[in-house]
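So the sequences go chain by chain: A and B.
Each residue of the first sequence is one higher than the one before, counting from 1 in our numbering.
Each residue of the second sequence is one higher than the one before, counting from 1 in our numbering.
A few of these clues could be false.
[As the list claims (entries may be wrong)] A short list of chain B residues far from chain A (calculated; beta carbon distances all over 10 Å):
| id | residue |
| --- | --- |
| 1 | 42 |
| 2 | 43 |
| 3 | 79 |
| 4 | 96 |
| 5 | 109 |
| 6 | 116 |
| 7 | 125 |
| 8 | 169 |
| 9 | 184 |
| 10 | 293 |
| 11 | 375 |
| 12 | 382 |
| 13 | 394 |
[Stated by the list, open to error] Okay, the calculated beta carbon distance ranges per label pair:
| id | chain 1 | residue 1 | chain 2 | residue 2 | range |
| --- | --- | --- | --- | --- | --- |
| 14 | A | 88 | B | 264 | 28 to 36 Å |
| 15 | B | 273 | A | 198 | 50 to 58 Å |
| 16 | A | 221 | B | 39 | 48 to 56 Å |
| 17 | A | 221 | B | 243 | 53 to 61 Å |
| 18 | B | 36 | A | 92 | 57 to 65 Å |
| 19 | A | 95 | B | 243 | 25 to 33 Å |
| 20 | B | 264 | A | 95 | 31 to 39 Å |
| 21 | A | 133 | B | 273 | 44 to 52 Å |
| 22 | A | 92 | B | 263 | 23 to 31 Å |
| 23 | A | 70 | B | 19 | 55 to 63 Å |
| 24 | B | 264 | A | 39 | 41 to 49 Å |
| 25 | B | 263 | A | 39 | 37 to 45 Å |
The set of hints was computed from the structure by calculation and includes no laboratory data.
Every residue, glycine too, gets a C-beta built ideally from N, C-alpha and C.
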Amino acid sequence: MNDMRFVERTVGNEEVKIAARGVHVYYGDTHAIKDVNIDIADKMVTAFIGPSGCGKSTFLRCINRMNDTIPIARIEGDIMIDGEDIYDRRVDPVQLRAKVGMVFQKPNPFPKSIYDNVAYGPKIHGLARNKAELDEIVETSLRRAALWDEVKDRLQAPGTGLSGGQQQRLCIARAVATSPEVLLMDEPCSALDPIATDQVENLIHELRERYSVVIVTHSMSQASRVSQRTAYFHLGEMVEYGETGDIFTNPRDQRTENYITGRIG
Amino acid sequence: MTIATADTPRSTPNAGSLMQADAKTAKRNAREKRFRLYGLIAVCTGILMLVLLMISILTAGLSAFRQTTIEISVPLDAERLDPEGNRNPVEMASVTTFGYAPLLRDGLMQTIEAAGIETDLPEGDIADLISDESVAQLRATVLANPELVGQTVPVEVLASGRIDGFFKGRVTYETAELDSNISPEQLRLAEALEEAGLLRTGFNWRFITAPDASSTRPEAAGLGVAILGSFYMMLVVLVLSLPIGVAASIYLEEFAPQNRFTDLIEVNISNLAAVPSIVFGILGLAIFINFAGLPQSAPIVGGLVLTLMTLPTIIIATRAALKAVPPSIRDAALGIGASKMQAVFHHVLPLAMPGILTGTIIGLAQALGETAPLLLIGMVAFVREYPDAPWDGGLFDPATALPVQVYNFTQRSDPAFVERASGAIIVLLIFLLIMNLAAIFLRRKFERRW
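Here chain B stands alone, though its shape is the one from the complex (with noise of 0.2 Å):
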């Protein structure tokens, strides 16, 4: 304490006006306001960058849920497709694509003309508008219909890749003129098929049900296998580490004597989550497609390595939740004669069940979005076989994910594969929002009020 005295009238510091604020008071307030400065700058700079983000991808993919389509009037020549003459869809597979090629050059040949569209191109040029994709569309049309055979069926086929990027602005005359996959004449018929109402552009549904197609059909290729595997894998890692994740976490945090080993364990957990995943790829190699002999780029094996990735997240999540309920209701249960398991499984876990769920939803939305490990264990196979049901032996199945797919989509050097991809991580966004929007309504309905 020091001493006031007469010569140091500083001693009472206090003494000066309320109504001005002191240096020291002044320096302490702008310290303040440049921090929340900075703070607003950061959570500025964070949404900008989210915006661009979305800006990006959105202008990138929006066009893939487009898709251009010709309507086509095919002669369906019965001699052709079916030389017994008896519709059995079984003998007319026989039949295959070079068959149908003629008669689809043939129909788009006859629309032209129908349509009164003068050009002079040759024959293999105009048929270059069309997907070589829609010669597999028909036969499975007719093969699935039998009684349109000897009939001209109007058919709506996909359009070229390039004459599609025309129509979404991705190819334009200039472009054209050095592309040797198109010139601007085809283009110009296309924009008179327009004109004749033939060509038009409508939702692609395509695209999120069709398999993938090969490099050279962008049109044709679509997420199909991409989202079932996805669904598969998330189907196995939910059913695998949910029930795993939350019994580790209920004995280590409430049964499991404080030692060294369950120290270690907890330490090891930590650092699981924190391996990175490709680590979990080449596990899953050695262990479920080496050893224990399942097939490659099957959703099992993917499901499996995906679990081993999301136990960690699950544990830590659900260690948490069952932290931060009060010890008072663990003392009241035990209090009245509750064992430690009753105690547990009629009051704790209640209350700790929206951590769970939230924890849950967002290591699965964590393990849908992972690629590194699937590369591995052959999940980035060209797959254009959908798998079966699960029931029926679908999880052993050949199939692909979403987020392999993008990354498949981009090693392609057709330009509309960049538009595919944007769409196939526009799809995997929107399955994380869902599940995002899920752990948020699962934690508003478990959420106790009272």
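Okay, chain A solo, but in the shape it has when bound (with noise of 0.2 Å):
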């Protein structure tokens, strides 16, 4: 892994925007993650790597508390948002996701307009006043997502009628829509071809500077391309958690050595 280039670790920011104390997670009789404590950075990408199965995607969905959907689904332990303890009895789950938008491994556009797409998120949440600032809000979101030149003439085409990887971009684009603060994203680039998977590498630089982005993914060269700090899962348990280019090149625990030089995963 000699040829791997490292993100630039410029690591001024060290404000932590998430916090995680003691998670434990069962679906039903199984533990699906023990113990994990993590604080994830502001304005930084964080990756989460490990093997199938290990329960980086279910951490990842606790963080906006999409697990609430899945009935026997339990979860133990706190994750504090900016320090609020998001599963408190008093926050509601659609204005925390409202705060921590989300992307989706497969690219799951709604089967509406490209501009329907992107400004459905603002409309619930009553983020624009009138067309002109919905308008606004989409161009801009588009813009960010790095798609507004492929679709700024048909907007009113159909989202899924667009490429795979400019599918997954409008959904990045729905997602910033509603201004979040944080930007899950669960194995974004996984049903996308190398070159849609660049575009959207690059498009997570880019969004770091306004988010704490999460991302999960099974692509370690992925990791080491966009992220910041990398926290490698196994079985379950977080096992490892440092700066990306410590994870890669010197791990502490033989289970990650084994996981990045290719012995098991």
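Fit the two chains together into the complex; they arrive one by one in their own frames, and the hints show the way.
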């Protein structure tokens, strides 16, 4: 892995955005996440890596309470965003998810026009007072997702008619349209070809300036390319967490080393 | 793994030529061929049965849409029909059909004479050529147009059932010999009338619009009340079962917690779909008529009973349609902070719409053809009065329904009702066909192509 270029680690901001303390997740009798403690910094890309079924996606879905939609899932421990416990009784998950956007593994645009896809979030959250403001939000979001130039002439075309990479960027535009503070990405490139992957990765770089980005990925090279910090998950445990460069060049744990050198996973 | 040795040459099973199918492949292919043949036979049998059914219904029923009529010039004697002489329809209504019968009979005799037809039949037998219904027809015409009184007007009256049957091939000279209701002489007279251009066969609008007639007047029997009754019931079923069914399915599928109670409901809904429809009739009789005191034979009760019957179908179809919407759409909506309800109503429901509509229409079609529960709530009654418009309380007026009318027709002894029953089945099938076409159309229209 000598040719791997690591992202510049200008870690100027050490402000903690998301803090997890003693998080356990159970799916029925399955203990999916075992005692995860992690501090995720603001304006930084944090990557979760690990073999399939290690719980990295599960943990990601805890951060915006998407696991609430699974009836058998049970979560213990605290997850704080800006010091507020998101599992507090008073927190409405709907409000939380406007603050913590999510991009899914498979591009899942609504079967509506490109414009409506992006405008839906601002509409339901009342972020625009009139059509002009909504137009502006749609344009900025599409620009942030590096999709504007490709679709500006066909905003009324169906979102599902775009290519896979464009669809995923549309989903990112949709997620940033609600002005979230945290952006969760669950293997956003696993269904994309290398060119589209490259575009999305470049996009993640830019998004980092505004959001705290958490990305789950199977690809270690991707983690090394886009992230500043990396957490390695193994069988529901977070084995190691640190600067991406350290994790890849100098892992402390034997399991991490096995994984990144290709002996497991 | 078997180990190949020198003395077992069969250890290379695929070594033979590809140009020749080996025994195993040939056997496998033969089996597949046989299976396809069985499938083809099954499909062909089904189609054959359908064709036979259609042929039997169409041959028996198409003639119901044609009706033989006789044109008679009736002298409308002012003294008899309007003794007061002021042409007031209210006063003229005091003259009953008994007052009109002799006029019609005279008119018939004069018409035959004027056409130069010789007959030695007694007057009573000649009068049997026309339907008993025609007197009432004549009276209704005169009351609607009082100015006709005093003139001799041409009136198109229904030929009697046997004469009608003669021109449709159901009655022949041979059968007339044995029939006490008709004689070959009467048939000859009818033929003479046809030659004189007074008797003709045309499209039978009355069959679709007229109410039912007594069992001795098959020529006058129509489906008007039954079609209206069925239409009213479908209105009630649609208005009640679509919102209730869709709301119940959305709740059960998207919101209800998964526990024993909802499992129980689910099982029971599936069971309800399999309950014999007559049971719903008993339920309707007990609850809607005996307990709630709603009128018998009314479309509202029929509609309520059919709603109960249709609900499980609609709920099952709707839940299937909701289940078929990919969960990624729900995730996408929830992920950007839509509430559960917004996710369902903005994204899931529109995608499930084609399935819901198809299920609803199929449920309605099922309800349209349902007979058994209606028998129990009195819709099998003989109804000659049209129900009022729905906004005038027409839903509470007595009416019949199409399938019940078919049953009613088949219960009557006159063979002319066989034709009427088959004709009513054709009308019912046309309605079902229209509904199924609507289902296909709506499915196409709402289906997202992206």
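Hints, one by one, checked against the model:
1. 42: Per Cβ check, residue 42 of chain B is outside 10 Å of chain A; nearest 38 Å; holds.
2. 43: holds (35 Å)
3. 79: holds (78 Å)
4. 96: holds (68 Å)
5. 109: holds (76 Å)
6. 116: holds (77 Å)
7. 125: Given a closest Cβ separation of 74 Å, the condition holds.
8. 169: holds (58 Å)
9. 184: holds (73 Å)
10. 293: holds (45 Å)
11. 375: holds (46 Å)
12. 382: Given that every Cβ of chain A is farther than 10 Å from that of residue 382 of chain B, nearest at about 54 Å, it holds.
13. 394: Residue 394 of chain B is indeed farther than 10 Å from all Cβ atoms of chain A, at 42 Å.
14. A:88 to B:264: 28 to 36 Å: holds (34 Å)
15. B:273 to A:198: 50 to 58 Å: holds (54 Å)
16. A:221 to B:39: 48 to 56 Å: 52 Å Cβ-Cβ, so the 48 to 56 Å window holds.
17. A:221 to B:243: 53 to 61 Å: Distance hint for residue 221 of chain A, residue 243 of chain B holds at roughly 55 Å.
18. B:36 to A:92: 57 to 65 Å: The hinted range 57 to 65 Å holds for residue 36 of chain B and residue 92 of chain A, with Cβ atoms some 59 Å apart.
19. A:95 to B:243: 25 to 33 Å: Roughly 31 Å apart at Cβ, these two residues keep to the hinted range, so it holds.
20. B:264 to A:95: 31 to 39 Å: Holds, since residue 264 of chain B and residue 95 of chain A (Cβ atoms, about 35 Å apart) stay within the stated range.
21. A:133 to B:273: 44 to 52 Å: For residue 273 of chain B against residue 133 of chain A, whose Cβ atoms are near 50 Å apart, the range 44 to 52 Å holds.
22. A:92 to B:263: 23 to 31 Å: holds (29 Å)
23. A:70 to B:19: 55 to 63 Å: Holds: the Cβ-Cβ distance is about 57 Å, inside 55 to 63 Å.
24. B:264 to A:39: 41 to 49 Å: holds (47 Å)
25. B:263 to A:39: 37 to 45 Å: holds (43 Å)
Checked against the numbered hints above, the structure violates none of them.
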